[in-house]
Structure formats: C-alpha cells, structure tokens
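2 protein chains.
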Amino acid sequence: MTFSQPLVARHLFGPGPGNPYPEATAALGHPLLGHLDPAFLALMDETCDHLRQVWGTQNRRTLPLSATGSAGMEAGFVNTVEPGDVVVVGVNGLFGQRMCDVAARCGAEVIPVEFDWGTPVDPQRLADAHPNPKVIAAVHAETSTGVRSDIKALGELKDDALLLVDAVTAIGGIELKADDWGIDVGYAGTQKCLGVPPGLAPFTISERAWERRVQKPQSWYLDLGLLGGYLDSDGTGGGRTYHHTAPTAMVAALHAGLERILAEGLDAVIARHAKAGRLLQEGLQEMGLELFAQEGSRLPDLTTVKVPEGVDAGAVRGELLERFNIEIGAGAGKFAKSVWRIGLMGPNASEDSAELVLAALRAVLKR
Amino acid sequence: MTFSQPLVARHLFGPGPGNPYPEATAALGHPLLGHLDPAFLALMDETCDHLRQVWGTQNRRTLPLSATGSAGMEAGFVNTVEPGDVVVVGVNGLFGQRMCDVAARCGAEVIPVEFDWGTPVDPQRLADAHPNPKVIAAVHAETSTGVRSDIKALGELKDDALLLVDAVTAIGGIELKADDWGIDVGYAGTQKCLGVPPGLAPFTISERAWERRVQKPQSWYLDLGLLGGYLDSDGTGGGRTYHHTAPTAMVAALHAGLERILAEGLDAVIARHAKAGRLLQEGLQEMGLELFAQEGSRLPDLTTVKVPEGVDAGAVRGELLERFNIEIGAGAGKFAKSVWRIGLMGPNASEDSAELVLAALRAVLKR
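Going down the list, the protein sequences come from chains A and B. Quick note: our numbering has the first sequence finishing at residue 565, numbered continuously throughout. Quick note: our numbering has the second sequence finishing at residue 565, numbered continuously throughout.
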C-alpha cells in the first residue's frame, strides 16, 4: 500500500516548476493554519504586500488566487470581458493562443495578431488592430518560446483599452513595473522565478480596470468582487467574509519565497537571473548550438535552443533525466521535437546550475 | 523583512481545514517533481487510483482538480450545464445556495428546493420538482449545518437526470458509494476528512455524465475534455499532453494522505470518525448544550451546537484560540452568532481530540 518508488531529487531546469527556495519548502511543513485564523490573515496581508513589490504596483487588489497560473489567465478575462467585447491578443506562442481561447469562452470578439514564434509582439501592430478594443492582451515572457515582449511600449499605446498581461515567466525574474507600464490586469504563477511550488496565481488589477469590471462574471470561483470580501487588504479591517477555503499551506510557502526574494533584494534577484541566463546562453553557443528566440528579445530565465540536426530531442531529455536527474523541457507546439527549453529560475538562477546543465548537455551530446 | 510573528500550532477543530495527517505534511517537503516527470505521472496515477477507492467508484475520470473544493463545484456545473438546462438543487444550507449561484452563472434554469437549515433534503421533493431536469444536485454533508442527506435514496429517484453531489465534508469520513448510489458527478476537498491541506478538489464523473457533457465549457481551466489529455489514466499510455502545470507538491501530499487512510483501512477510518463524533456529541449534551442538526441526520465529522442563551459566540471562539490554540468555527449565514461548528476530521477524529475540545469548552463556558 505504500508508494513503492524511492524519492527522486531532480534539478528542475525545464520551463517550470523550478526547484523551490528552501524557505518555501520549509514553510509547507509549518503547522497548518485555518483560513480565517487571525495569524493566517496577517500572513495573507503580508503576502499581498510582498506581491505588490514584485509586481511593481500599488494596486490594492493584489492577491494570490487559489489555483495555478492558467486560472490567473481565466480570472483576467472573466472579470473584464463580456459577450461582444473586443479583445486584441498578441499571439507569438502557446500562451497567446490560449488567451484567444479563454477570451472566446467569455463571448469576446477576439482579434488575434499573429507573430512568428521566437519573435516578440510588435506593440504598434496590436494598437492598430482595432480602433477601440475593451482589452489588449499580451504575454510579457512567452514560456513556449523564451521571448520577452515590450510591455512598456504597449502600455504607452493602449489608449482607452485595458492592458492585460501574462507575467507568469516574468515575475521575480526580469524587470516588471505594472504601474509604470500601465498594466491594468496581470497574472502570474508561483513556480517559475518566485521559487515556490505551483498552485497559486499572483494577480493584480488596477482601479481603472476594477471600475470597468464585469459585475457578475461567469465564474463564481474567480469572481474578484466576491474575493474582495475575504481579502479586504485595504487595512480597514472588519468584514473578512468567507468565500472559499484558501490553500493555506501554499500561501505560507509563497510568503516565505517572497521574503527570501525581498531579503536578497528584488534587483539583485533579477541581476542573478540575468547573469545565469547569459552564462547558459553563451555556453550553449560555444557548444555550437543555435538559440531559438530572436536576439535582443531573449529571456534570461528561460532559454530556448534548437535541437541539432539528426539528434533525437526526446532521447536527450531522457538521458539527462536518467543519468543526471536533470529535467529540461521539450519545445512547445510544432517545435516539440526541434527545440529544448531550459529554465534557470528562482534558486536555480545560479552559476552552478548554468554550469551543471552545460556540462550534462556536453556529455550527452558529446560536444 | 522576515515574518516577525512566531509560528503557532493550532488544533484545527473548525469546519476545515483540519490538521493534516503527518504523512501529508511530510510529503510537502519531498523534493519537488515536474508535472511531466515520469515519476510524477506515476504518483498522479496512483493518486487517482486511491481516489477511486475513497469515492467508491470505478470511474476512469477520477482526479484531483488543481484548485479548492469550490472550484470542484464549478467544474461540476460548467461541464454538465448549458444555457437553458434545468437544474434542480436541494438547498438546506450555504453550499446548496452556492450551487444555485454557480449553476445560474452557467445559464441554467435553476429550481431551488428549500429545506430548513439543520434538516436534510427530502429526495422525493427533489425528484418531484421538475419532470425532466438535466441535473439534480445536492450536498451530501452540509458543512454549514452539520447535516447528512440521503444520497442513495436520491440516486434511486433520479430517473434520467444526472446526479451531481457535493462530498466535500463526506469523503474519507462517512460512507460514500458513488457507483452504488448512482452519483454521476462528484466533487470534494482535501482539507476535511482526507487530512490533507486545502488546495485540490477530488473529482469524479461517470461515463453516463461524460457522454452528456458540455463540449466546450465556459471555463477553460476546468474543461474536463482538455484535462483528459493530461490525465489519460486509462492505462493506454501515450499522449499525456500539457494542459496546465499541476500543483505537484499538493498532489504528493494528497497521495500520502490517501495512502495513510488506505493503510489504516477506509472502513476503520470511517468508524474512527463515527466514534469521535459520538463522543463529542454526547459530551456536549452532557454539558447541557443543544445540538443544532436534526437527530438522525447528524454528521459525526462536523458537529453543530447551539450557542447558549446570553453567551457571546465570538468571545468564546476567541478564548478557545487564545488560551488553548483551539479553532472552532462560527455558524454559517444567519446562524453566525447562534451556532458553533466543531470538526473532528482526519487525524483529529480521535478520542483525545474529542476530550480536548470538550474540556476546553467546559473551562471557557464554566460548565
């Protein structure tokens, strides 16, 4: 009846989850708190404060949603889009495609603006796609391709539209300034650069978007109006009403991960991600491999590299896992067999992790 | 920058979360696995197998959804109900009310059938409420009132309707026979009698419901058709396609909690809940307190008790927390100040927990 396999400890160098910070793992083992315990509500309030720092926002409504990053995407759309609303979506990878699907399920008139995978979205083309959309949506850091798009430029062009941004692979790893850049709705995940296990979606919404939100979203679980009664993190105290049972262990882990990041300093953490990514990308190129993402738009925390001619992409991943306990990711969509994705996120954004994955790849590829 | 408050260890005797089994907490600290790692997929498959046992089902599509129990409710409705479908809901507490709200957001024509809080639903009245509903929905164990309803009898009367059941406070604590009773769609939570932290929704759907499911639900995140590609737990192997990043630490905890339960024996665990609840309920009555739930329909795992005349319900809860680190729950809805809810779930379904909460209540109430 017991689980017969021994535990394995992996180097999680794929597109996520990455290995958590030890502080986050330790917090999962703390005594569990009830979701209405004053001690937990204090922890939740601090978590929301810390999230504001990594989002670069003063938004009062900044919180961890009780589901993974993809539910964050759904929360973004169900709370802003009603049937017939026009939504312009920049599509330069899998997560842009997913945005179109999710927005369409809200009844939106979706205008996808396509770009080659491996390239960033062009903010001007998004702005020109429709004279007056309700929402312009784009992915800051495309997890499927390892590409960074210029959200700041998009914010300058958004006009009356709400700017909805996927920051799943951005938050805590690259520069992210929600307020300065004019992000109205943002969602992220915990399992990438924040160095926390998957299970929560850090979320933020501006006053401007809040005022224009859907009053009764099709989702009860992700209805921000109902969630607000529980969160109430404006400091006025009082009515912390029950909505659903918050995943208290996961919130404790997020709190601990965020404290680890803020103790190091957010700028230092971002610089560490930049350095590890540079080392990895230089090393891959020295090995004679070709990077997939367009130069100038490459994410440091998630590197995409082309599988060399004649090499079995899956066999290499299997050997890395078997020999070295190293997980790297396959490519996404039509690049499943022709691209690898290598993430150095959270605690793995380090020189030793970069050297380890390079050494293992050299050994397997015999380069 | 560090969290300034010391950790507190609570006796979680409220309506949930309860204290987790130590095996579940320990599993949260295991090395994190990626959601596509063969070792994790094996763990997930075992978890689904174990879930089938606690659900009492052979349903192939039995899995932990990546959000809390309330998202399980939403998954139940978005996958079975389309605009105009008739949904009959038994409403004898907060969670029946919530079902009406969630079903209405799917465009259902909702027929609520009301019962006094503290009493079970009458299956015949539900069956008589409409000649041909698409769905009949009811709560097996009403967390808001501590009442058990007769799902078996409802299954015998359901006719052509799909039977959708909330088993959040039932699973792993009282008898639950999804297949024998004709449950077509069931959802639960991990944080009650399963003794695992909150964050996942154990879910099961019959072939009959699967064939009549909504082809493109309004929720992408909870679309069982898309989730099926990742789960694929029919043993045929092959296409485990990415849907979203599973909360791997939480799944490991659920796996460990379920193994703990199955090692003890599900019947023994249910008997342990029954015994602890009986001790508690007898002790409360010996203390001169009056139980809220109707005799004959009282849940053993969640006991509701009336606040004595002249006693400040919140002050008592506060003193229990401060003096004894004991959390009990307030009543729900209009009974917030006149009822307490005391849960003895998972590892807390024990003689010592029953005696502890009784002793603490005696001390605070001076009885």
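Since the hints were derived computationally from the structure, they do not count as laboratory data. One thing to keep in mind: the hints can contain errors.
The list treats identical chains as one, so a pair stands whether inside a single copy or across any two.
[Stated by the list, open to error] Here are the simulated DSS-like cross-link-like pairs (lysine-lysine), alpha carbons at most 27 Å apart as the crow flies:
#, residue 1, residue 2
1, K473, K564
2, K414, K332
3, K535, K564
4, K535, K332
5, K504, K350
6, K414, K532
Hints broken by the structure, by number, lowest first? Going through the list in order, the structure violates hints 4 and 5 and respects the others.
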